[in-house]
Amino acid sequence: MTEEPLSAAWLTERTIYLLTLLREKRPLVHNITNLVVTNTTANALLALGASPAMVEGVEEVDSFARMADSLVINLGTMSSPRAAAMRLAMAAARQAGKPVVLDPVAVGALRYRTELARDLLEAKPHIVRGNASEIIALAGDGGGGRGVDSLVSSTAALEAASILARRTGGAVAVTGATDYVTDGTRLIGIANGHPMMTRVTGLGCTATALIGAFAAVEPDPLVAACAGLCATGLAGELAAIRADGPGSLQVEFLDALYALDSAILRDAARWVLP
Amino acid sequence: MTEEPLSAAWLTERTIYLLTLLREKRPLVHNITNLVVTNTTANALLALGASPAMVEGVEEVDSFARMADSLVINLGTMSSPRAAAMRLAMAAARQAGKPVVLDPVAVGALRYRTELARDLLEAKPHIVRGNASEIIALAGDGGGGRGVDSLVSSTAALEAASILARRTGGAVAVTGATDYVTDGTRLIGIANGHPMMTRVTGLGCTATALIGAFAAVEPDPLVAACAGLCATGLAGELAAIRADGPGSLQVEFLDALYALDSAILRDAARWVLP
Amino acid sequence: MTEEPLSAAWLTERTIYLLTLLREKRPLVHNITNLVVTNTTANALLALGASPAMVEGVEEVDSFARMADSLVINLGTMSSPRAAAMRLAMAAARQAGKPVVLDPVAVGALRYRTELARDLLEAKPHIVRGNASEIIALAGDGGGGRGVDSLVSSTAALEAASILARRTGGAVAVTGATDYVTDGTRLIGIANGHPMMTRVTGLGCTATALIGAFAAVEPDPLVAACAGLCATGLAGELAAIRADGPGSLQVEFLDALYALDSAILRDAARWVLP
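Chains as they are written, first to last, in the numbering used here: chain A, 1111 to 1384; chain B, 1111 to 1384; chain C, 1111 to 1384.
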């Protein structure tokens, strides 16, 4: 992990380099994700340039996780067979040295998945991405009673992200109007995106999946998370210019990911540095 | 439940009021729905202005149904774990006083789900929405041999809907070229919609989900069902004007739900009163 | 099975005839498919003119497979309950004389589904559709270690397809830049399609489903497979002209399937005959 101070220019050029590398290598991203976003997540990974695969049977996840270049675990629409598959896949990915990204969907609001998420955290995922209330619930020692859309201060969320990052030894992303990524030492903000993105289901899950694609080509988890969030935010922002509503936004989002290039990144990536 | 005669103007203004309320409160709609429409249903709820959540694990449905503002149960792609989750969720929602909407997909054609649907009916869902053959099968005492697209007279369907409504004490919607809603006493028709909507999968399921969103803000089940069907029909109708086929219809449908407002409702809602 | 030599003109006119018949009869296509493509497959079948149904519960597949006009089995996102449902459905369809189409997704890369696919092959599906590495793995006696995107020679794939076709007594399709269909005796190529189609998830699965729709109206499995692949390729090709990227390609693809007609087929179907 580099400890040099990261500049906005460096982050942009690194994201451009990683995007080129990703489109060349087409890394195989293994997703165990929720039933709502299987299709849209796979399409976003394809549009960006990666090779998605949704493999979730307990019979198959161990061998597939070893074969893939990264693993993305998403806790939406949980059930115990899915939880068993996640444990197996995370253990296999870790053993094979493949990066793991965890999305703790609705953790804090539902006790079952809060406990599951804290348990999966023991496997030390390289990157965790959630919204403020999910990250706080995951870091905290209680929190089972928190509502789905509770208001939380961004300071509390960033503190929770730092605590989590030090616990996992990886990076933690808190997404919102501005996204933040920390590895417990460094902190980067990404100010891309558009409010209409909250009206399309699963764009948070998509951000997590794209982080998984970048993690397959970038060893520094903080940088991989930044690249994935910048790509997601930029594509959403460009899509919103052409969209009439959330239906067309979803379509334009995939076209924008496909069209993402160095000119767009240099022109519009908005990093927030301390 | 109001027993005043409902006028077309009253229904339009009530729908406008409910839409405003819904966009302000953003009710949390808990869906246990089929694998085909998870994504499109969530997107329709978001485009309208509600907060969708798909939670279906037996470990989580009880607590989530209590937390949500309404519950939508859809019998497509049935399996016994899903059936167990539905029973738990319906019991919890009823106990917590939350409205429940049931969509008996393919009931009549398949014995397993016909029996399940009749069993779930014991929990007295506030609103049931189906096509003519589904509603007849659900109300009837036989019907296991009925084909999926059997022709049924609309009179028979309306009689079945009335029988069902009196049994549940709620409202029953029979959808088709013209949609009808009854609570056993009152009967309202909604003549919005477009034939191309039958070429997009799951728009019936979407109608049910949108009814669930309106049921979270409207205590009268007949009125909630009318508002949901009018919103669905109008969005489909407006989408069809701009669409070249069922692919673009689906995209335009979400944009139209997002754009739905008082001007459109006053201009184009077509209520059919006895 | 006809043994006359098939001309390009005959194949085009037969596809036109089958498309008309399909839109008239609207055959019920029973799909047990993967979690990624349930929605997009159903929409493609509807756009073409068929009646899709996704029924996968072990409680229901036997009776539904008998009721439907054809059965499509897709091995993506496998699990043992899904495997049990597939076995039941295939046995029922075969007993009822309904055509069965098998899509061996990722066979070769994953041992569990390679074994499952070989086992399902015992039920002699009328049509198998896969990419080169899947068809080779399915025909071979080893192959468990093959990677997902291994390069394979097209000659090896065609040999494997012939072996498989003779084993099942049906037709086998190998899809790629040019698609090929053989029944062990005859060999037809279809050169429609567009490279951007590989950037949309599940268009291979969609091709399989559309073959299932044609198989419901065409007794010759080779001809049904040709018609389904030509429809898929043509729709993708026309969609790519209007699309800006994979997001809009997916939308335009459904609109193009809906608009597919005799003029388009006569103008643009590209058969490759030996």
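Hints in this document: simulated from the structure, not taken from any laboratory.
Built from N, CA and C at the ideal position, the CB exists for glycine as well.
One or more hints might be untrue.
Unchecked claim - A few chain A positions that, by computed beta-carbon distances, are all more than 12 Å from chain B:
| # | residue |
| --- | --- |
| 1 | Thr1150 |
| 2 | Gly1312 |
| 3 | Pro1329 |
| 4 | Ala1369 |
Stated by the list, open to error - Output of the computed footprint for chain C on chain A, the stretches with three or more beta carbons under 8 Å from beta carbons of chain C:
| # | stretch |
| --- | --- |
| 5 | 1158-1167 |
| 6 | 1172-1178 |
| 7 | 1357-1364 |
Hint-by-hint comparison with the structure:
Distance check for threonine 1150/A against chain B: the nearest CB is about 6 Å away, which does not clear 12 Å, and the non-interface claim fails. Listed as a non-interface residue, glycine 1312/A fails to keep its Cβ farther than 12 Å from every Cβ of chain B; the least gap is roughly 7 Å. Every CB of chain B is more than 12 Å from the CB of proline 1329/A (nearest about 33 Å), matching its label as outside the interface. With a minimum CB-CB distance of about 18 Å to chain B, alanine 1369/A clears the 12 Å threshold, and the non-interface call stands.
Counting residues of the stretch 1158-1167 of chain A whose CB lies closer than 8 Å to any CB of chain C gives 7, so the stated coverage by that chain holds, three being the minimum. Given as covered by chain C, the stretch 1172-1178 of chain A passes the check, having 3 residues with a CB less than 8 Å from a CB of that chain where 3 are the minimum. Requiring three or more residues with a Cβ within less than 8 Å of a Cβ of chain C, the coverage given for the stretch 1357-1364 of chain A holds, as 5 such residues are present.
When the structure is compared with the earlier hints, violations turn up for hints 1 and 2 and for no others.
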